[in-house]
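Add chain Y to chain S, keeping to what the hints say.
Here is what each chain is made of, one letter per residue.
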Amino acid sequence: MKQLHPEYGFNTLAVHSGTAPDPTTGARSFPIYQTTAYVFDDADHAASLFNLQEPGFIYSRLTNPTVAALEEKLATLEGGRGGTVTSSGHAAETLALFPLMAPGMEVIVADKLYGGTINLMGKSYRKFGWNAVFVDTDNPEAFRKAVTEKTRAIFIENLANPGGVVVDLEAIAKVADEAGVPLVVDNTMATPFLCQPFEWGADLVVHSTTKFLSGQGNAVGGVVIDSGKFPWLGNSKFPSLSTPSPEYNGLTFAETFGDLAYTMYSHAISLRDLGCTQSPMNAWITLNGIETLPLRMERHCSNGLAVAKFLEKQANVEWVSHAGLESSPYFELGKKYLPEGTGSVFTFGVKGGYESGLKMLESVELFSHVANIGDTRSLILHPASTTHRQLTEEQRIAAGAGPEVIRLSIGIECVEDIISDLDQALNCL
Amino acid sequence: MPGPASVDHNSYPDSYIREILRNVRSIAMVGASATWNRPSNFAMKYLLKKGFKVIPVNPNAAVKKICGETVFPDLSSLSGTVDMVDIFRPAEDAPELVEEAIKIGAKVFWMQLEIRHAEAAKRAEEAGLQVVMDRCPKIEYARLTGELGWNGINTGVISNRRKRL
Numbered sequence: 000m001k002q003l004h005p006e007y008g009f010n011t012l013a014v015h016s017g018t019a020p021d022p023t024t025g026a027r028s029f030p031i032y033q034t035t036a037y038v039f040d041d042a043d044h045a046a047s048l049f050n051l052q053e054p055g056f057i058y059s060r061l062t063n064p065t066v067a068a069l070e071e072k073l074a075t076l077e078g079g080r081g082g083t084v085t086s087s088g089h090a091a092e093t094l095a096l097f098p099l100m101a102p103g104m105e106v107i108v109a110d111k112l113y114g115g116t117i118n119l120m121g122k123s124y125r126k127f128g129w130n131a132v133f134v135d136t137d138n139p140e141a142f143r144k145a146v147t148e149k150t151r152a153i154f155i156e157n158l159a160n161p162g163g164v165v166v167d168l169e170a171i172a173k174v175a176d177e178a179g180v181p182l183v184v185d186n187t188m189a190t191p192f193l194c195q196p197f198e199w200g201a202d203l204v205v206h207s208t209t210k211f212l213s214g215q216g217n218a219v220g221g222v223v224i225d226s227g228k229f230p231w232l233g234n235s236k237f238p239s240l241s242t243p244s245p246e247y248n249g250l251t252f253a254e255t256f257g258d259l260a261y262t263m264y265s266h267a268i269s270l271r272d273l274g275c276t277q278s279p280m281n282a283w284i285t286l287n288g289i290e291t292l293p294l295r296m297e298r299h300c301s302n303g304l305a306v307a308k309f310l311e312k313q314a315n316v317e318w319v320s321h322a323g324l325e326s327s328p329y330f331e332l333g334k335k336y337l338p339e340g341t342g343s344v345f346t347f348g349v350k351g352g353y354e355s356g357l358k359m360l361e362s363v364e365l366f367s368h369v370a371n372i373g374d375t376r377s378l379i380l381h382p383a384s385t386t387h388r389q390l391t392e393e394q395r396i397a398a399g400a401g402p403e404v405i406r407l408s409i410g411i412e413c414v415e416d417i418i419s420d421l422d423q424a425l426n427c428l
Numbered sequence: 000m001p002g003p004a005s006v007d008h009n010s011y012p013d014s015y016i017r018e019i020l021r022n023v024r025s026i027a028m029v030g031a032s033a034t035w036n037r038p039s040n041f042a043m044k045y046l047l048k049k050g051f052k053v054i055p056v057n058p059n060a061a062v063k064k065i066c067g068e069t070v071f072p073d074l075s076s077l078s079g080t081v082d083m084v085d086i087f088r089p090a091e092d093a094p095e096l097v098e099e100a101i102k103i104g105a106k107v108f109w110m111q112l113e114i115r116h117a118e119a120a121k122r123a124e125e126a127g128l129q130v131v132m133d134r135c136p137k138i139e140y141a142r143l144t145g146e147l148g149w150n151g152i153n154t155g156v157i158s159n160r161r162k163r164l
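Quick note, the sequences are listed as chains S and Y, same order. Residues 0 to 428 (numbering that gives the first Met the number 0) make up the first sequence, in order. Residues 0 to 164 (numbering that gives the first Met the number 0) make up the second sequence, in order.
Hints are all accurate, no fakes.
If the Cβ cut is set under 10 Å, some of the chain Y residues that face chain S in the computed set are:
1. P12
2. A42
3. C135
4. A141
5. G145
6. I157
Honestly, the hints are just simulated from the structure, not real lab data. These figures come from a predicted structure and were not determined experimentally. Cβ coordinates follow ideal geometry from the N, Cα and C atoms, glycine included.
Bound conformation, chain S alone:
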């Protein structure tokens, strides 16, 4: 793992980064700044803030102290320069692409993704004139072949949803680098505890913080983190960052802010205009969640692998897709990119197809049937009838969400209890 700080390691940073004691009160738990606006010292101070000439708070749609603490913590843990927290993971995807895209431009997208992202990028983005070009996740050459003059970004999920797929980050980062466009990696399923995509050449990372980061299924949120490494200055492909912004008195973000440019733009323009801000309350819940991320991820991973190994031996199970199993085609990539564990979200196929899948859901007693992942509780889902149901049959199979597929998100309960619940449910088929 890359050294994130000259003195402190990952677990220390998960607890302490971004959340020094409150300067006014000394409060040790970071306060919830539940406010919309902030007083200006005088008219000149207000002008300096609106001109982006001095750090400070104006209005919580753009910045808020509690939300900023979460941004700094996430940027620190990913080894990034800055972060922009959003109202959801979907908002983070749009916010990540907003400074890069324009009508008629293209984003190359891996075809193994969360079903909601396939819809967002494949359908809704067309309304903005943004064209998503889907390519085979497992084939870096397919990404290379899809590059055109109009390409402005490549988007992939690391450890792709609905599970068990490890993406060859380094190979795809090389394609992005040669194409001169940023690689955007959704790192929700791995979290920075298991993999830091910037180490492998990614330029931007997005998360749904709703999942393992907040960790208890109680706060919807997202984040975009910038590595600070992409060369925006003088880059005609990205005029948002490389040419003067009239509303900020002709300020050019890449010139004025250097490696802070992307994060400054994301607050001063993207959040200002799109308004997909996270509430201070959700940010506070997520800050607390991240403090225990390393402990939870260790347990999620060990429980997840034990359950996968159990399932692999069951007569009613056709196959198990977990990158920690030696039978997985992703086993070697998993060892390379996720040496500490390949997560706890994965899929398996039940014998008997669609009907057996539904029967399985109705037979579990400990697992919760919900459309979420990364909770302390073990969760179960039948993607074909839920998260991926709005896709075509062909898209579902390409995304690893065929009729027989069950998705699990293994929690941190006693592993024997989790296994026993699945065992009795499989016996009901």
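Relative to the frame of chain S, chain Y by itself:
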């Protein structure tokens, strides 16, 4: 503190930058602009607000005052010494400015974002000056006091105390 010769100009320890910003009281800002929306202008304004004495240096004779401070045409025209010379000038001007900074007895030679000049840095260090390049004192001050974190920037500062420089 490491001596000047041991400074890695690709990666400054926070302690190095913090010591400079704590010790420096007066700054000659070469290339300060009178135009309110240029980075040098609002960097100067910010540093003045934080209590530094900032002396603008700009050869344009038409510019008499910047942010209320009297403008000097070059470093050699300053009446006394300054603790730090901060340059908003192209890198090729750095060697000449280092010589002037040494002559007026400055203790720190600081080159702004995107400005790097290894030879000029070496010359300044040999004369006993501390050198910073490709950084902005406004950004570094805001980073080390935690203000930069207000915009979601990773300040790298971990503290068990209320934030201060």
